[in-house]
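Peer 1: With the hints as a guide, bring the two chains together.
First to last, the sequence lines map onto chains R and W.
Read left to right, the first sequence gives residues 0 to 330 (numbering that gives the first Met the number 0).
Read left to right, the second sequence gives residues 0 to 425 (numbering that gives the first Met the number 0).
Quick caveat, the hints were computed from the structure, so don't treat them as lab data.
The beta carbon of each residue, even a glycine, is placed where N, CA and C say it ideally should be.
Wrong hints could be hidden among the right ones.
Stated by the list, open to error - Across the chosen pairs, the derived CB separations fall in these ranges:
hint, chain 1, residue 1, chain 2, residue 2, range
1, W, Gly44, R, Trp283, 52 to 60 Å
2, W, Gly211, R, Phe132, 50 to 58 Å
3, R, Arg181, W, Arg218, 34 to 42 Å
4, R, Phe132, W, Arg253, 38 to 46 Å
5, W, Glu76, R, Trp283, 51 to 59 Å
6, W, Ile288, R, Gly197, 51 to 59 Å
7, R, Asn135, W, Arg224, 49 to 57 Å
8, R, Met0, W, Arg103, 50 to 58 Å
9, R, Gly282, W, Gly33, 22 to 30 Å
10, R, Glu277, W, Gly226, 34 to 42 Å
11, R, Glu277, W, Ala393, 42 to 50 Å
12, W, Gly211, R, Gly197, 46 to 54 Å
13, R, Leu196, W, Ala393, 46 to 54 Å
What the hints assert, rightly or not - If you want the ones that stay clear, here's a sample from chain W, every Cβ over 12 Å from chain R, calculated:
hint, residue
14, Gly44
15, Glu107
16, Gly210
17, Leu403
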Amino acid sequence: MDFDIIFGNAARAGLGPQAAIFALAAIGLNLHFGYAGLLNFGQVGFMMLGAYGTAIVVATWGGSLWLGIPFGLGLCVAFALALGIPTLRLRSDYFAITTIAAAEILRLLIRSSPATDITGGPFGLQAIANSFFDLNFLPDGRFGWGTFSYSSNQLWVMIVAWILVVLCSALVLALIRSPWGRVVRAIREDEDAVLSLGKNTVAYKLQALVIGGVIGGLAGVIDALQQSGVGSENFEPQVTFFAWAALILGGLATTVGPVVGAVLFWFLREGVESFIRELSEQGWLPNALADFLDGAEGAISIVLMGIGLVALMALRPQGIFGRRRSLHLGT
Amino acid sequence: MSNARSLRSVVALVAVAVLSLFLFGSAQAQDGEGEAFSGTLRFGGEPVEGVRISVVGANGEAVGEAVTGADGRWRIELPGPGTYRATIDTDTLPEGVTLRDPERQTLEVTVTAGRSRPLIFALGEPVSRGPNVGEKLAQAVLNGVKFGLIIAMCAIGLSLIFGLTGLINFAHGELVTLGAILAWYFNADTFGAPLILAGVLAVVVAGAAGGGVEFSLLRPLRARRLGMFQFMVVTIGLSLLARHVMLLFFGPDRERYIDYALQAEWTFGPFAVTPRDFTIMALSAVILIGVAVFLQRARTGKAIRAVADNPELAESSGIDVDRVVLVVWVAGAALAAVGGVFFGSVEAVDWLMGFRLLLLMFAAVVLGGLGTAYGAMVGGLLIGLVTEVSTVWASPEIKAVFALGVLVLALLVRPQGILGQRERIG
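In isolation and in its complexed conformation, chain W is listed as follows (with noise of 0.2 Å):
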């Protein structure tokens, strides 16, 4: 019996991946001519003709090389995906044309299979000596806000699903890029539809998938009593599966969406913000003001902490425990969605977005105090600042690094995390 309902449950799953096989149609990445480098040399406007570009593979073996044309154009044949190194040979340059930065002589650059990847060489004025640390950190700051917002409104259903079922769910990441990558195709693939549109179709469809795999596998497992290993493996089993039926369908390249691609900024003193990111932050700002204000004085919000708290008394004072887990999973998961249509309308929309957000999420939710849900928002915000404003004096590359740090140390410190409880860590 337990097993035929079980069963169930697995085929409503290949069901729906196969139906969204179907609805979504396929986007994979064509296969173009093969992997290149390509670029056009300009200096003030007009091309710049006779400039040496060479390319070396990973090991140092010479790939390729170029003259720049009377067009400025120069392409490079690649004998396949990979790293490679482009050198302009600064010698062949015309008199009184330089660099613009000196240090970017030489550029790594990864290509994908049957990508031609345009490179640039800026040739001009060496820009004046770029903003001191002061604006450098403002805007980091800033930056910070914004990004910790984004993972704050994603975290939350991660954190308060953990605080009702003990559930650690290693396919929430999933949910933030499949609500990005749904606004992508109803914004720029198929359908063209404004941007504002897109994004609450798709958040819409992602909080019904989280509240489909709540309802349809989820809750008759936790029937069963499985044990909380077994969940993590359902969770990554599940994690595995729609980033893979992304992959198949999206494809492996970082796409934008069309509306509020390119936008002047706004200045207010050390502080530069295009009117896009402007409103993202507002409005991350009132949703997380609206899940507060929800869970403070709505009646599901009121049982949803009660539940949170000690799920034997809420239960047997009368809530329906299975119908808030159910909200949670679907607001969470439609929050999530939210977060990823931002998160891809600042940056890019592919993916394993919500994967590499996932390692920031749950340092933001074990920061903030693991199944709580303004520790969501206080850690989120905290892992945003530490991510962006550890770029000011270390590389980007390795900001995260500084994130998961933190999560370390504050493990060490202050297990419980910021609003936690002591009794949380048993």
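For reference, chain R alone in the conformation it holds in the complex (with noise of 0.2 Å):
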């Protein structure tokens, strides 16, 4: 058992590419749900456009990414449009189920026969990041000791990634102590009194919905920028529980919330996954339960997760950071 091993992979993936893209999607959830009461399960969607919309542009099209990834990011601006003008005046529960259906139907459209031509169907889309990582300056090599170590591409992702997101955690709370925010935060609390005001509620919200979206399609801009490619079985229903399960797990309604809560949802994450294939490669344990470990370290530690949203519901509701007084608002 070398636990030197298990906290290295543990820290690598807490700091690495992935937990910035979560940090980056929780931030947009933190402003959909924290700030503005706005129930989103379904930012994959958000995610899958922003990811989608580049590549289209760069692998399908032959167009530059620079270009791609204000498509990309305009195609989520159009979906929070199209989802928010119908739903925004149903009740939370209504638009949690309208978004995790929406995001849902755009993944099965972009992985169906038919859009294989553009979005490439069920294989994806490849080699789209060329332009980004000839900006890298870092020199080749590895960086980092042990398994804690990252090539100078991850490196170079994550040092954009990470300036992403404190660039939307810096605006999301300049958002929200501005006049607007203060608005957006009202109408969580008390939708009629706002509106009593002569406030356009709907559009308030709106506006967080595009916001909010923007910035998980950012998450799925730096998603497709990492792999250099696309692929409709990343953005599966699945993708938006772990973003809320990392909010709550940092605390709802604050700024640090959303980037702790992502970076401790991925050390667990990996640390319990290379923790048991530690264990079962040991030869000191029953070989049936060996044999059982062998392979099945993903879905343990989705089993713990589960256990833990469950357990954190009831020991601790308001998450790490949270207050237990923004508990009950906006529901």
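Peer 2: Structure representation (structure tokens):
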């Protein structure tokens, strides 16, 4: 049992590109639900549009990556409007069901065979991020110690992604402290009161949906860049649940919550998986148990995540940094 | 004090998970020799020799090729799991032998780790023009009613639980899977019980599981006045937990029940239906009517409707709301499990079947009217019909898109649903 390896793997995942991607997705969700009270269960749809929009411009139409990224984010804006205009007038549980359904519709359409010419269907699209990695000024080789190390390109993605995380956190913080943010938070707490002051609450909620969705779209763009490709199997409804798990872990309606939550989420997830892998390679487990654990670490870590979510809600529903006060609002 | 209680419920949950580990034994996918495509080419019952078949990977890179032997067999080893395209070289077919369907010269197939996938290139006379649109439509309507009845049965619990407690149960799909998988263990895997007995056992266990979740976890949490959002997260956690425990024990593959797998179809005019599917449709209809009669006539049924209508008023008029909620959880879970057994019998059993069905159930309950049992029935039937009828014109892989599209449309036009009341959408 080598704890250096386990800790190295966990730390690599906790600071790696995936954690930054989930931090971005969770920052968007935090704006949606934590501040504006919108129960968005379709965040993966925004990530998918950001990623596929970028990839389609580059791989299908042969355009520049720097046109692809704004195109992907533009698709996110369009999706937010198409989703929000009809459903934001409804109660929040209807909104939740509609968003999860809309994201899955998009995924099924993207991977269907009629769309193969544009989206690559079940094969996805590849080789899209060359002009992004051309900008990489880091020398070749690996950076870090033991299992806690990254390749030059991974480190480059991480630098860009974490800078985006900081920028988006700052943007959301600034928005929330602005007059606009006060109206949005007031809508979450009592929409009727805000309506009676003559504010168009649907417009405010729509703006929050668009901004949070674009931040989710950025997460998708980073995902497409770090893999230099897209595939529909990366955008199953589970991804939204994982982003929610990260946000809840860190704490709703806080600035650092989504970021710390995403880091912790990946640290714990990879730590558990690495621990189980190490465990199943030890000789001293009974054979039947070792066979059972072999290759099962992914499923086991998600089982533990499920238990963790239930336990967190039962014991500390506000998350690590959350305040109890903001719990009963917005639902 | 309250922390100790919730801790107890968590411990109970873990205990159930661990217990189920020992109860059902391991059925993980065993690693075979490696990923491969294989098959046997036959023409009129005779093997066909010397035909070349080639496989390319996702990026079009050549993976391997094979030539059929004297027994018509061929096999191509693959480098790993993934999606591949296998093409039969029609130039190498003997004189007078053609593909039955020229469009199926290239097959695109996804292979999971350690599985060898059989591929079929059907040789022979091209089939006569196939059924016309009218016949296809009739068959699609029949399939739609079949799946609609099953979806309706699965969705009743989802809708009633929402109506009673305001909870959107993201783990409802897992109750469907649980029923189907337990029935498979009793029927095909461990005990070899007849499917009907296996199904009844599975439904009883799933009902108890639903009741257990309500009694040991949700009821204590409700007493602590957790918000709607926290409850949603709890059910998401339960759903992730249950789904992946089932993945661990059942494995990632699709399985079938032993009984009623292959049957000759009965034909009534344009409709063709196997005795199995006919029985399932009849049973589903009987069960749905039974639920309706129960809700209308029985004391508990009336109490359920009263609580769904106004929990406070119902409680103050002497109805034991906690008991009613428990009854709905047990019955809803049992109905979902029945749906799972039926669905597994009609199609196949796999660990994600319930989760895939969950979105259709959501569509059904919102379409019919969130919180009502009859709404779930009407919505389920409609969703079943829409998905199946869409396959007459559109590719079957996007049939769920039509169901979810109907959901979005319905929200625009009549958000309270077909049978819902205006005030519910608030």
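Peer 1: Determine whether the Cβ-Cβ distance between Asn135 of chain R and Arg224 of chain W falls within the hinted range of 49 to 57 Å.
Peer 2: 52 Å Cβ-Cβ, so the 49 to 57 Å window holds.
Peer 1: Is the distance from the Cβ of Glu76 of chain W to the Cβ of Trp283 of chain R consistent with 51 to 59 Å?
Peer 2: violated, 35 Å
Peer 1: Please test the hint of 51 to 59 Å on the beta carbon pair from Ile288 of chain W and Gly197 of chain R.
Peer 2: Between Ile288 of chain W and Gly197 of chain R, where Cβ atoms are some 53 Å apart, the hint holds.
Peer 1: Does 22 to 30 Å hold as the CB distance between Gly282 of chain R and Gly33 of chain W, or does it fail?
Peer 2: holds, 26 Å
Peer 1: Can you let me know if the beta-carbon spacing of Met0 of chain R and Arg103 of chain W is within 50 to 58 Å?
Peer 2: holds, 52 Å
Peer 1: So the hint says 50 to 58 Å: do the beta-carbon atoms of Gly211 of chain W and Phe132 of chain R match that?
Peer 2: holds, 52 Å
Peer 1: Is the hinted range of 34 to 42 Å satisfied by the C-beta distance from Arg181 of chain R to Arg218 of chain W?
Peer 2: holds, 39 Å
Peer 1: If we take the beta carbon of Glu107 of chain W, is the closest beta carbon in chain R still more than 12 Å away?
Peer 2: violated, 7 Å
Peer 1: For Leu403 of chain W, is the shortest CB-to-CB distance to chain R above 12 Å, so the non-interface label stands?
Peer 2: violated, 4 Å
Peer 1: Holds or violated: 38 to 46 Å for the Cβ distance of Phe132 of chain R and Arg253 of chain W?
Peer 2: This hint holds: roughly 40 Å between Cβ atoms.
Peer 1: Falls inside 46 to 54 Å, the C-beta gap from Gly211 of chain W to Gly197 of chain R?
Peer 2: 51 Å Cβ-Cβ, so the 46 to 54 Å window holds.
Peer 1: Determine whether the Cβ-Cβ distance between Leu196 of chain R and Ala393 of chain W falls within the hinted range of 46 to 54 Å.
Peer 2: holds, 48 Å
Violated hints, in rising order: 5, 15, 17; the structure is consistent with all others.
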